[in-house]
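*Asks:* Here the structure of chain Z is known, so what remains is to put chain W in place on it, guided by the hints.
First to last, the protein sequences are chains Z and W.
Numbers given in our numbering equal positions in the first sequence, counted from 1, plus 4.
Numbers given in our numbering equal positions in the second sequence, counted from 1, plus 31.
It should be emphasised that the hints constitute simulated quantities derived from the structure, not laboratory data.
Careful, some of the hints might be misleading.
Unchecked claim - DEER-style ranges, computed between Cβ atoms: (1) W:D143 with Z:R33: 27 to 33 Å; (2) W:D179 with Z:Q86: 44 to 50 Å; (3) Z:A10 with W:S121: 51 to 57 Å; (4) Z:A10 with W:P138: 15 to 21 Å; (5) Z:R31 with W:T73: 45 to 51 Å; (6) Z:K84 with W:S121: 34 to 40 Å; (7) W:E217 with Z:K84: 37 to 43 Å; (8) Z:A10 with W:T205: 31 to 37 Å; (9) W:E158 with Z:T64: 36 to 42 Å.
Said to hold, decoys possible - Derived list of chain Z stretches under chain W, where covered just means 3 residues or more per stretch with a C-beta under 8 Å from a C-beta of chain W: (10) 10 to 17; (11) 20 to 32; (12) 52 to 64; (13) 73 to 85.
Heads up, the beta-carbon is just placed ideally off N, CA and C, and yes, glycines get one too.
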Amino acid sequence: MSTAEALACKELVELVTDYLEGALAERDRVRLEDHLALCEDCTSYLEQMRLTIELTGMLTQNEIPAEGKEELLEVFRAWKEQR
Amino acid sequence: MASSEDLVLVEALRAGDERAFMMLVERYGPAMLRLAMMYVSTRAVAEDVVQEAWLGVLKGVDGFQGRSSLRTWIFRILVNTAKTRGQRESRTVPFSSLWSPDTEAEPAVEADRFRPAGDPSPNHWIEGAPTNWEGVPEERLLAGETLDRVREAIEGLPPNQREVIRLRDVLGWTSAEVRDALDITETNQRVLLHRARSKVRRALEQYLHDEKVAT
Chain Z
5 MSTAEALACK
15 ELVELVTDYL
25 EGALAERDRV
35 RLEDHLALCE
45 DCTSYLEQMR
55 LTIELTGMLT
65 QNEIPAEGKE
75 ELLEVFRAWK
85 EQR
Chain W
32 MASSEDLVLV
42 EALRAGDERA
52 FMMLVERYGP
62 AMLRLAMMYV
72 STRAVAEDVV
82 QEAWLGVLKG
92 VDGFQGRSSL
102 RTWIFRILVN
112 TAKTRGQRES
122 RTVPFSSLWS
132 PDTEAEPAVE
142 ADRFRPAGDP
152 SPNHWIEGAP
162 TNWEGVPEER
172 LLAGETLDRV
182 REAIEGLPPN
192 QREVIRLRDV
202 LGWTSAEVRD
212 ALDITETNQR
222 VLLHRARSKV
232 RRALEQYLHD
242 EKVAT
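Chain Z with its partners taken away, still in its complex shape (with noise of 0.2 Å):
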């Protein structure tokens, strides 16, 4: 690995997204992944952010459905007569 190239732990942390997401030139790819086979610290990093998506995809929507729901069964059977 050349050291000219190095990406820096501070550097790699920004790109995390670009890689989950698929987004990353394949250069910048391979210089992500090298980095991370010698890096334990940004391993974990980007292990810490797979669980960060995995709990975040555990929420569930707890919000109430805002009140109108009868109205919109009105608005909806207005329609149907329309048709």
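*Replies:* Only chain W this time, still in chain Z's reference frame:
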């Protein structure tokens, strides 16, 4: 592309199936209301926008061709309705900037966690680098309290970051769906998502670290 479930639902709507309609209202209503509030000033107006959007959905359902997912299509109608209403409110912030990330840099990780320039390995992690969360017992990691922290962190985000992470990571939309529904660029979406996820990670790291210290 519309899924087969989408097509079944669309057929049901066309046939005037009330239950299918109410199911969609329950499924998407809350997210539609939140999103509408990005464009208009009050909750009451946003509720109005949502209702108008549903009417738009019904009026347009015969023309739905399945080129996008049903939810993308519904949310596009919502966003267009909300924009039209928002314009009438003579707002000062143009909608084009609504989904533009703040130009001020927001580092994913605090700068002082990296070695300074002049250090033999500048910009590499200093002591207290990220640790592997696999060391955290699963029952703690998946506990309601951990999820509460995630929820709090999301609620505390700037509105555009908050809505993007909700659509992507809470509701599980693809980036194409979010881009099409909100009419935003791939890049803006990615920057907003990056900032949002980075902050949620930080909140979790803080919480899990404190827990470890406490035990």
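*Asks:* Does each hint hold? Answer for all of them.
*Replies:* Hints versus structure:
1. W:D143 with Z:R33: 27 to 33 Å: 28 Å, holds
2. W:D179 with Z:Q86: 44 to 50 Å: 47 Å, holds
3. Z:A10 with W:S121: 51 to 57 Å: 53 Å, holds
4. Z:A10 with W:P138: 15 to 21 Å: 20 Å Cβ-Cβ, so the 15 to 21 Å window holds.
5. Z:R31 with W:T73: 45 to 51 Å: 49 Å, holds
6. Z:K84 with W:S121: 34 to 40 Å: 36 Å, holds
7. W:E217 with Z:K84: 37 to 43 Å: For K84 (chain Z) against E217 (chain W), whose Cβ atoms are near 39 Å apart, the range 37 to 43 Å holds.
8. Z:A10 with W:T205: 31 to 37 Å: Roughly 33 Å apart at Cβ, these two residues keep to the hinted range, so it holds.
9. W:E158 with Z:T64: 36 to 42 Å: 38 Å, holds
10. 10 to 17: With 5 residues close enough to chain W, the hint holds.
11. 20 to 32: holds (count 5)
12. 52 to 64: holds (count 10)
13. 73 to 85: Held - the region 73 to 85 of chain Z has 9 residues with a Cβ nearer than 8 Å to chain W, which meets the minimum of three.
When the structure is compared with the earlier hints, no violation turns up for any of them.
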